[in-house]
Amino acid sequence: MNIFIFGTLMDKALLEIVLGRKVELVSATLKDYGVFKVMDADYPVMIKSVGLVANGIILNELTKMDILRTDFYEHIFDYFLKPVQVLSKEVLIDTQVYMPSKLIPRLEEPWSLKDWQEVSGERTHGFAKKVMTKFGVLSVDEMKKDIKSYF
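Per the numbering used here, the very first residue in the sequence shown carries number 408; after that it's consecutive.
In short, the hints are calculated from the structure, not lab data. Because the structure is a prediction, the values reported are computed rather than measured. Using N, Cα and C, we set each Cβ at its ideal position, and we do this for glycine too. You may find that some hints are simply not true.
As the list claims (entries may be wrong) - Cβ pair distances, simulated, as ranges: (1) D447 <-> D501: 31 to 37 Å; (2) G543 <-> G458: 40 to 46 Å; (3) L494 <-> I554: 33 to 39 Å; (4) L499 <-> V430: 20 to 26 Å; (5) T540 <-> V457: 37 to 43 Å; (6) K552 <-> S434: 33 to 39 Å; (7) M408 <-> A448: 23 to 29 Å; (8) D548 <-> M472: 19 to 25 Å; (9) K419 <-> I500: 18 to 24 Å; (10) V433 <-> K552: 34 to 40 Å; (11) E423 <-> G458: 32 to 38 Å; (12) K471 <-> E515: 37 to 43 Å; (13) D485 <-> N409: 18 to 24 Å.
To be verified - Computed list of lysine to any residue pairs in SDA-like fashion (alpha-carbon distance at most 25 Å, straight line): (14) K536 <-> K496; (15) K496 <-> T470; (16) K455 <-> M408; (17) K541 <-> I474; (18) K537 <-> E431; (19) K521 <-> P507; (20) K444 <-> S508; (21) K537 <-> I474; (22) K444 <-> T470; (23) K489 <-> L499; (24) K496 <-> S519; (25) K429 <-> E529; (26) K429 <-> N467; (27) K552 <-> M539; (28) K541 <-> T470; (29) K536 <-> S519; (30) K429 <-> N462; (31) K551 <-> P507; (32) K536 <-> Y450; (33) K536 <-> K455; (34) K536 <-> L514; (35) K551 <-> H482; (36) K541 <-> I483; (37) K444 <-> L510; (38) K419 <-> S495; (39) K521 <-> T470; (40) K419 <-> P490.
Given the sequences, and given the hints that come with them, work out the whole structure.
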């Protein structure tokens, strides 16, 4: 299985914390989507936006454990997998991407990985390390109840 990622998980250190291993990063794009800042948050949301292109990474050959780990992390924020078709190395690829389960208030300003890394990267790495120690121990619902204590 493969997954297209467009936000904070494009940060290699964060991705390795969530997956628990190193993985090859391959550039990909998703046509007619834009990546925007979320209101009152430091993570992004990807929205259907005709004429825009979302830059991201496709993670190939993910294991069942990789999917369980990324599901655990993303489901805390109510992001769930949705099928999409991305372009990578001039080839269209059927894949999936984590998208919010409900409408998220966003700003018109595009989200920047570089800006996020400078402002929130280290703090998010610490958060993810704490969260992922609970993988296989707590359910997503249990994590959501206590999520504020992890920041």
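Against the structure, the hints:
1. Distance hint check: the CB atoms of D447 and D501 are about 34 Å apart, consistent with the given range 31 to 37 Å.
2. Here the CB-CB span from G543 to G458 is close to 43 Å, well matched to the stated 40 to 46 Å.
3. A beta carbon spacing of about 35 Å between L494 and I554 agrees with the range 33 to 39 Å that was offered as a hint.
4. At about 22 Å, the CB distance of L499 to V430 agrees with the hint of 20 to 26 Å.
5. Checked against the hint of 37 to 43 Å, the C-beta distance between T540 and V457 comes to roughly 42 Å, which is consistent with it.
6. The given range of 33 to 39 Å is respected by K552 and S434, whose C-beta atoms sit roughly 37 Å from each other.
7. Between M408 and A448 the beta carbons are some 28 Å apart, a value that agrees with the proposed interval 23 to 29 Å.
8. The given range of 19 to 25 Å is respected by D548 and M472, whose C-beta atoms sit roughly 21 Å from each other.
9. Between K419 and I500 the beta carbons are some 21 Å apart, a value that agrees with the proposed interval 18 to 24 Å.
10. Roughly 36 Å separates the CB atoms of V433 and K552, a value that falls within the hinted 34 to 40 Å.
11. As the Cβ distance of E423 to G458 is approximately 34 Å, the hint placing it in 32 to 38 Å holds.
12. For the pair K471 and E515, the supplied restraint of 37 to 43 Å holds, since their beta-carbon distance comes to about 39 Å.
13. Between D485 and N409 the Cβ separation comes to about 22 Å, which falls inside the hinted range of 18 to 24 Å.
14. Simply put, K536 and K496 have alpha-carbon atoms about 32 Å apart, too far for the 25 Å limit, and the pair is violated.
15. Restraint check: the Cα-Cα separation between K496 and T470 comes to about 22 Å, which is no more than 25 Å; the hinted pair holds.
16. A distance of roughly 23 Å separates the Cα atoms of K455 and M408; the hinted pair therefore holds under the 25 Å criterion.
17. Annotation: proposed proximity of K541 to I474 holds, straight-line Cα distance about 16 Å (limit 25 Å).
18. In summary, the hint linking K537 to E431 is supported, as the alpha carbons are separated by about 24 Å, within the 25 Å threshold.
19. Simply put, K521 and P507 have alpha-carbon atoms about 22 Å apart, close enough for the 25 Å limit, and the pair holds.
20. Among the hinted pairs, K444 with S508 is consistent with the structure: their alpha-carbon atoms are about 17 Å apart, no more than 25 Å.
21. Of the supplied pair hints, the one linking K537 and I474 holds, its CA atoms being roughly 19 Å apart against a limit of 25 Å.
22. With a C-alpha separation of about 30 Å, the suggested pair K444 and T470 falls outside the 25 Å cut-off, and the hint is violated.
23. This hinted pair checks out: K489 and L499 have alpha carbons roughly 16 Å apart, not beyond 25 Å.
24. For a cut-off of 25 Å, the pair hint linking K496 to S519 stands: about 23 Å separates their Cα positions.
25. With a C-alpha separation of about 18 Å, the suggested pairing of K429 with E529 holds against the 25 Å cut-off.
26. Between K429 and N467 the CA atoms are separated by roughly 12 Å; this keeps the pair inside 25 Å, and the hint holds.
27. Of the supplied pair hints, the one linking K552 and M539 holds, its CA atoms being roughly 15 Å apart against a limit of 25 Å.
28. Our distance criterion of 25 Å between C-alpha atoms is met by K541 and T470, whose separation comes to about 19 Å.
29. Taken as a hint, the K536 and S519 pair is honoured in the structure, with Cα atoms around 22 Å apart against an allowance of 25 Å.
30. With a C-alpha separation of about 21 Å, the suggested pair K429 and N462 falls inside the 25 Å cut-off, and the hint holds.
31. The suggested pairing of K551 with P507 holds, with an alpha-carbon distance near 15 Å, which does not exceed 25 Å.
32. Simply put, K536 and Y450 have alpha-carbon atoms about 17 Å apart, close enough for the 25 Å limit, and the pair holds.
33. A threshold of 25 Å between alpha carbons decides the hint, and for K536 with K455 the separation of about 31 Å lies outside it, so the pair is violated.
34. For a cut-off of 25 Å, the pair hint linking K536 to L514 is broken: about 28 Å separates their Cα positions.
35. With a C-alpha separation of about 9 Å, the suggested pairing of K551 with H482 holds against the 25 Å cut-off.
36. The suggested pairing of K541 with I483 holds, with an alpha-carbon distance near 12 Å, which does not exceed 25 Å.
37. Among the hinted pairs, K444 with L510 is consistent with the structure: their alpha-carbon atoms are about 13 Å apart, no more than 25 Å.
38. Simply put, K419 and S495 have alpha-carbon atoms about 18 Å apart, close enough for the 25 Å limit, and the pair holds.
39. Only pairs whose Cα atoms come within 25 Å are accepted, and K521 paired with T470 is rejected, the gap being roughly 28 Å.
40. At most 25 Å may separate the alpha-carbon atoms for a hinted pair to count; K419 and P490 meet this at roughly 23 Å.
Hint violations for this structure: numbers 14, 22, 33, 34 and 39, all remaining hints satisfied.
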